[in-house]
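Produce the entire structure from the sequences given, and follow the hints as far as they go.
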Amino acid sequence: TSAYSSPAKSLGDPGITPLSPSHIVKDSDADDAVEQLFLVVVAIDFGTTSSGYAYSFTKEPECIHVMRRWEGGDPGVSNQKTPTTILLTPERKFHSFGYAARDFYHDLDPAESKHWLYFEKFKMKLHTTGNLTMETDLTAANGKKVKALEIFAYALQFFKEQALKELSDQGGSDFENTEVRWVITVPAIWKQPAKQFMRQAAYKAGMASPENPEQLIIALEPEAASIYCRKLRLHQMIDLSSRAPVNGYSPSDTIGTGFTQGKEHVRRNRQSRTFMVENVIGEIWSELEEGDRYIVVDSGGGTVDMTVHQIRLPEGHLKELYKATGGPYGSLGVDYEFEKLLCKIFGEDFIEQFKIKRPAAWVDLMIAFESRKRAAAPDRTNPLNITLPFSFIDYYKKFRGHSVEHALRKSNVDFVKWSSQGMLRMSPDAMNALFKPTIDQIVQHLSEVFDKPEVTNVKFLFLVGGFAESPLLQQAVQSAFGSRCRVIIPQDVGLTILKGAVLFGLDPAVIKVRRSPLTYGVGVLNRFVEGKHPPEKLLVKDGTRWCTDVFDKFISADQSVALGETVTRSYTPAKPSQLVIVINIYSSEQDNVSFITEPGVKKCGTLRLDLTGTDASVPNRREIKTLMQFGDTEIKAMAVDVATSKSVKVGIDFLNY
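Using this note's numbering, read the sequence shown as starting at 20 and increasing by one per residue.
Take the hints with a grain of salt, since some may be wrong.
[To be verified] Label pairs and their computed distance ranges (CB to CB):
(1) K363 x R331: 27 to 37 Å
(2) V601 x H125: 46 to 56 Å
(3) E467 x Y676: 27 to 37 Å
(4) H125 x K471: 43 to 53 Å
(5) A394 x G619: 40 to 50 Å
(6) R503 x S613: 33 to 43 Å
(7) G441 x K471: 44 to 54 Å
(8) G619 x S466: 21 to 31 Å
[Stated by the list, open to error] Capping the alpha-carbon separation at 25 Å, the derived lysine to any residue pairs in SDA-like fashion look like this:
(9) K436 x D368
(10) K531 x V468
(11) K374 x L351
(12) K471 x E308
(13) K140 x V569
(14) K668 x R627
(15) K551 x V569
(16) K210 x E154
Hints are computed from structural coordinates only; laboratory data are not their basis. Keep in mind it's a predicted model, so treat the numbers as computed, not measured. C-beta: ideal position from N, C-alpha, C; glycine also.
Okay, structure coming up:
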């Protein structure tokens, strides 16, 4: 098998690859396999709207350090993470990331800024692109296109450099990349190609390499949150369902002000920026018995995804009960509704032009909206004011020949008025209406999950992710599901995933059982059976009757798979001289698939066995035994030549096929 065996070699394994001093294992083939030595785990939460990193030294896993405070920051928005924005020079070279990118872009002269390439919210592209490849493009604010892989690699490289620099400054000596195990978080609902794309981008950024893939772990966002939530103490969360005072605030305060007080409390202790994680399982879990179930709803900027876990005591391992589900219902949906509202008032033609001609001012307007969006609450009575950038007012007058004020009067949108200070005044109802479509979709999706037979008797619902800070979302979830389970929100809800991802990197074997999101298999030939097989599938070869296109199933959709469990198949080259076997992998959302030609069955990847470099003096009929793992966050494969017991080079590819 491979020299760098996977962190969870067997179910009895306690987790991490041993961190003992590196020793050289003398292999029978004299392949020197060096035991990996990671001093630190760094997790990157690469979000749609904001990103950040955190780390923990493997010698003191109970301390999680969250990245240094960032320069810049917005009024009314806490800046523990940085915006996921990236700026390239007109020559397409990396310039800056985060607040720095945004501020620099904003300060450019408009004539100059149209040559610079500015990207924001680009992570969603990986979710929405049906046929993602290494060649997929992203469009900058000025309309120019750049390969997505380059942008993602630049972003990851930026975080890699920031983290290594912080670690070096802290330790007083240069920190090497080889000493770091990297963890990158992705939504659980992402398909295999998007996960592989992230991995390729990380290789391009120099975090790990195809030769040393174990250095990088892909973590699923709601899983990471789940791991962290297990460790929560009572003072670290807000229980929306309890009528008793929470954290010393009465429930009526909790929804709006409890958060700000809670945040202040965290912020005062934030100089250290180090969070202690209890080694024991948190208090909330002391109420959980073996077999209890809970749902984690991770609501971020782009996607909302949810996972249902069951706790297995005594060690508190987790088992996934229902495949991860969700969709593009993140807080971006609210921004989109705001944009639709602007189109309604000022005309779609104007908004489209304005975005292209004054991209920096458009970014400004959305930042102004963002801070007001965070002020929306169910019981708010006073209006929200959104400052329109001067160039918006100016450009509108040029474009239409009349004023913004005139447009508002004429638009018969009642609940948005023009205030004399040059602002849009929105009534709280108008703001809440912008949230409604997105929140309705989340509640609707959660209802469907709650109705699944696997999801009965859920004790807790943990609401995590940046969008979980919204009192409107909190109230909607509490009123829809509060009677079925306790709705819990961790205090520093935007950092939950980041901290959980660090814990996952320290012990990737904590999640023992997952569910396959799709049915996977390959197309094979079987002996033709009269009456069983359709006649149009008959193929006669050398006098033997074969049935073509038969779907050989590896694993079914929603089937539970244990970590380290493998699906084994043997393949034989058609001709003894054949040096490469390429097998197409097919997937389907359906369970019972008989043929690869059925509707809904798609070719989704390839399995490539490389037989070069193995002895030529092999028997005529070689058998290559292939082992595939579906129980991890990514699908993995290995292969062995049965006759020689030598390992065969194998590639499983969902991106370039």
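Hints that the structure is at odds with (numbers, increasing): 1, 13
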